[in-house]
Structure formats: C-alpha cells, structure tokens
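Here the protein sequences come in this chain order: A and B. Heads up, the first sequence stops at 269 in my numbering, and the numbers go up one at a time, no gaps. Heads up, the second sequence stops at 268 in my numbering, and the numbers go up one at a time, no gaps.
Careful, some of the hints might be misleading.
Label-pair ranges, simulated between beta-carbon atoms [what the hints assert, rightly or not]:
1. B:L118 with A:Y55: 19 to 29 angstroms
2. B:D101 with A:V75: 47 to 57 angstroms
3. A:L33 with B:V230: 45 to 55 angstroms
4. A:T233 with B:H256: 18 to 28 angstroms
5. B:Q84 with A:T30: 50 to 60 angstroms
6. A:V19 with B:P249: 23 to 33 angstroms
7. B:M143 with A:T30: 30 to 40 angstroms
Output of the computed footprint for chain B on chain A, the stretches with three or more beta carbons under 8 angstroms from beta carbons of chain B [said to hold, decoys possible]:
8. 168-174
9. 185-195
FYI, nobody ran anything at the bench for these hints, they're computed from the structure. Don't be surprised by glycine CBs; every beta carbon is placed ideally from N, CA and C.
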Amino acid sequence: MKSLSSVIAGFLRGLGAPVSGALIGLGQITRFLFALLAASGTCLRRPGLVVREMYFIGVLSLVIILVSALFVGMVLGLQMYETLQRFGSGDVVGMVVALALVRELGPVLAALLIASRAGSALTAEIGLMRATEQLSAMEMMAIQPLSRVVAPRFWAGFLSVPLLTSVFNVVGIYGSYLVAVEGLGVDAGTFWSQMQNAVDFRIDVVNGIIKSFFFGAAIMLIAVYQGYQAAPTAAGVAMATTQTVVRSALVILGMDFMLTAFMFTGLGS
Amino acid sequence: MTTDGQTDNLVDIRKVDFAYGERAVLHDISMQVPRGKVVAIMGGSGSGKTTLLRLISGQVKPVRGEVIVNGQSVASLRNRELLQLRRTMGMLFQMGALFTDMNVFDNIAFQMRENTDLTEPMIRDLVLMKLHAVGLRGAWNLMPAQLSGGMARRVALARAIALDPTLIMYDEPFAGLDPISLAVVSRLIRTLNDALGATSIIVTHDIESLNIVDYVYLVSGGTIIAGGTVEEIHHSSDPYVRQFVDAQPDGPVAFHYPAPDYREMLGF
C-alpha cells in the first residue's frame, strides 16, 4: 500500500514533468537559435549558399503554392459571392476575398504548405546528414555544420516564406477574379475598385507580410532544429520529420492569433 | 625527442577515462602512435574503439587523463586552435559519409574550397590526382548514390587525404566490403600512408588488417588488454587475444548474453 504522501508526490510530479519538459525544450531551441545567429556570418560573406537553398526551399515549392492559391481563391470567390448575393451585395466579393487573403489566409496557408513541403524536407535532409555522419565529417574538416549547412537553409527559408506568401496572395485574388468576374458575371470595374478602396497597403498588406516573416522564422527554426537534434536512426529521422510538421502547424496557428490581436484589433473603432 | 624538437609519437594518450554521461566507456587507456606508422585499434563491437578516435580529434573530451596530438593537449585547445589541428587530420568514416548532394569531384574539392585559397584550376588538378591515387579518376562526375560500396569507400579515402593530412584516421574502413574491395582498400591505406609520409590509425574488428599494420592495440570493455607488434599479437598466449585472433565464438568474451538458468527459463 502506497503512502498518501507518495501518491501526492507522484501526482505533482506527473503535473510538473510536462511543464518542465516543455520549458527545457524551449530553452534548448532558444540556445540553438542564438548559436545559429552567431554562425550566420558565413551567409553574409557567401550569399551564394543562401541563394542555392532558396532554389530548393522557394522555387521548388512554387507549384504547390500556385495551385493551392488558385483553388483557395476560387473557392473563396464562389462561397462569398453566394452568401453576399443573398443580401444583394455580391459586388463586394473582391474586397472580402482580398481582405481575407492578405490578412489571414495567405500568410497562414502559405506557411502551412511550406512547413509540410519544405520544412519536413529540411528536417529529413539534416537528420540524414547527421545519421550518415556527414555532419561529423564536416566537423572533422574543420568546417562548422551550423554555419555551412544549417544557417544557409534557415535564412533561405526565412526569406522564401514572405515571397511565397506574396505569390499566394496574388494568385488567390486572381482565382477569385476568375470565378466572380469571368464565371459569375460580377462587373470587373466594381470588383477591383471595391478591393482598392477597402484594402489598405500599410495595414493589410504589410501586416500580412510581417506575419509571414514571423512564420518563416518559426517554421525554419523548428525544421532545422528538429533535423539537427534528430536521433541518428531511421526511426529518429521519421519522428523528427513528423514533429516538424505538427509543431510548425500549431505554432503558426497560435502565433497567427496573437499577431492578429496585435495588428488588427481596434481598427474598426 | 627527435632532433627537430618533435616527439617520436604523433599521438600520445595518457591514462584516459571517458564516459558518456553516467555510462563509462573507456578506463585508464594509455597508448602511443609513432610517427609514420600504421596502428590498428582492434576489438569487438561496442568496445569503445570509435570513441578513441573522437577523443583524438577533439570531438569529445576525456574525463581524466590527457590526449596529446603533435605535442598539443587536445582538450585544452581553444576552438580556433582545435579547428587548426583538425586541418592536419583526415578521417574516413564508417560508411564513407560522402556528401550525398554533391558528386565525387565536389566531395573531394569541398574542403579545398572551404579551407584554402587555392584557385579552381589548382583544385581541379589536386582532385584528379587524389582520385587517380585511389583509381577512380574516371568516376569524378558520379553521384555517391551511383557508387558501389567499395568505390564509395575509396572516394571517402581520397577525400580524407585531400589536404595531405599528417594523421589519417579510419573508422571501420573494411565494414561491409567484399573481399576484392577489402584487399584494394587495405593496400591503399598502407601505400597512401607511406607515400604521404603520414601516420595512420585504423579502428577495426577485421583481423585481415593485421597484414598492413605495424602495431596493434586490442581493446575490450573500455580498456586496452594487449598491445604490440603484429608478430607479438600472433604469438600471444593471452586467452582474449587468442579468441580474437583465432575468431573463436566462445571464450573470455562469452557467446551468451548474461541470462538466468536455461532450464529454469524453459520451466523444467
């Protein structure tokens, strides 16, 4: 029979362990971020390294971004038009879609897509480099993997996310134009002028892009950290890849709420 | 000491203890690697052999004792000095560890481009010379995935000697090779060592390698249990050495993992 005190101690330990575990994890990733920033000088001296990674992270993600954005824009256009039409205001569909895209859906969906397309690939790549001793080999050649492998990928991703988000916004708006104007017969002049009146460049577009910088930093930090810390086995890399996608998704959504609260509340008053 | 002020031993390990956290790996290890020689560190899997290489290259630090490489205590070096020291070392990793996103040429050129100011035409000549030394000049544009196991090992060997290191370390260079590749790689290790005037340390469990080395250290359970020339090892009467050299399945290293009584476990 366990004594009461040991039961209580066990209960408290059960409560505390996840919290302290999470704090330790947060501390480790923060230290990793500082080490990464300290190792980033190479990227400034040799921008070619970053450009090469931007090709893999950015350019090769273009297809999924373009196709998804087009369909998201088309669906939004369709749904909004159907609903707004009931109140006789189908004309404002361009404005509603543009606001939804540049403020929320563009940054968030683009970030989620990039996390699953490029973030997971980064984790798997770095994790496998660790598992096959390529990182150790580099250390033995007196080359720091953090500055040669990790930092260029991080910065390439950080710069690619806002660019891909911008592409997502533009293509999404064009998708809704196709449905609303070409398909459902909304007047093109009204479609664009409503949008032009309601969407503020500084408040809506710039804030959306600022969001995407935050998302880019978060996704890439999670991705390279998970890869760098992955257990050097097949199971370890698989686990790290999954963690990258899951954590990125949660962090993006949580962060989006906070950023929205900062940026857009009180604008109506 | 020799006349030019250098010690005779390139690597001198003095009474080293090492542990990964709580898990003790090496205990009271002392060994010397004379300049110009090929030294084998042999022992069963998991006996701490690879850890010895990591200690020499400064990837890990000893808990107690000292690792001296070329007159410098590795553990006391600052980061910059350690990187400087590593530039004089080459290492062949267990499975080659070639960079999978680069072709053979770029793999070997990698550290020349990163660590030296050599011009691209000079790098090209040097890479082709290294590849020629391992017989793979014709494979310069292949990707690592297109190489056979033996070829990958030879490319990794060419990469390890890319900057003419004074100390070359081999971590299980023969693992998973067919007999022909094994013979090729082992002969290369010897000839490259002598041609470059380097010093080599081979970590292996393959007794075939006794044909190419000058000295042997046998490691078991984290301690050195025997050391000497190949001749001495062959004629040793130590039961562990005999079990290892004669490849006996049972002996001081038991065949069975510790377990309760067999009959008892079967329920008799």
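Broken hints, numbered, in rising order?
Result: hints 2, 5, 6, 8 and 9 break, sorted rising.
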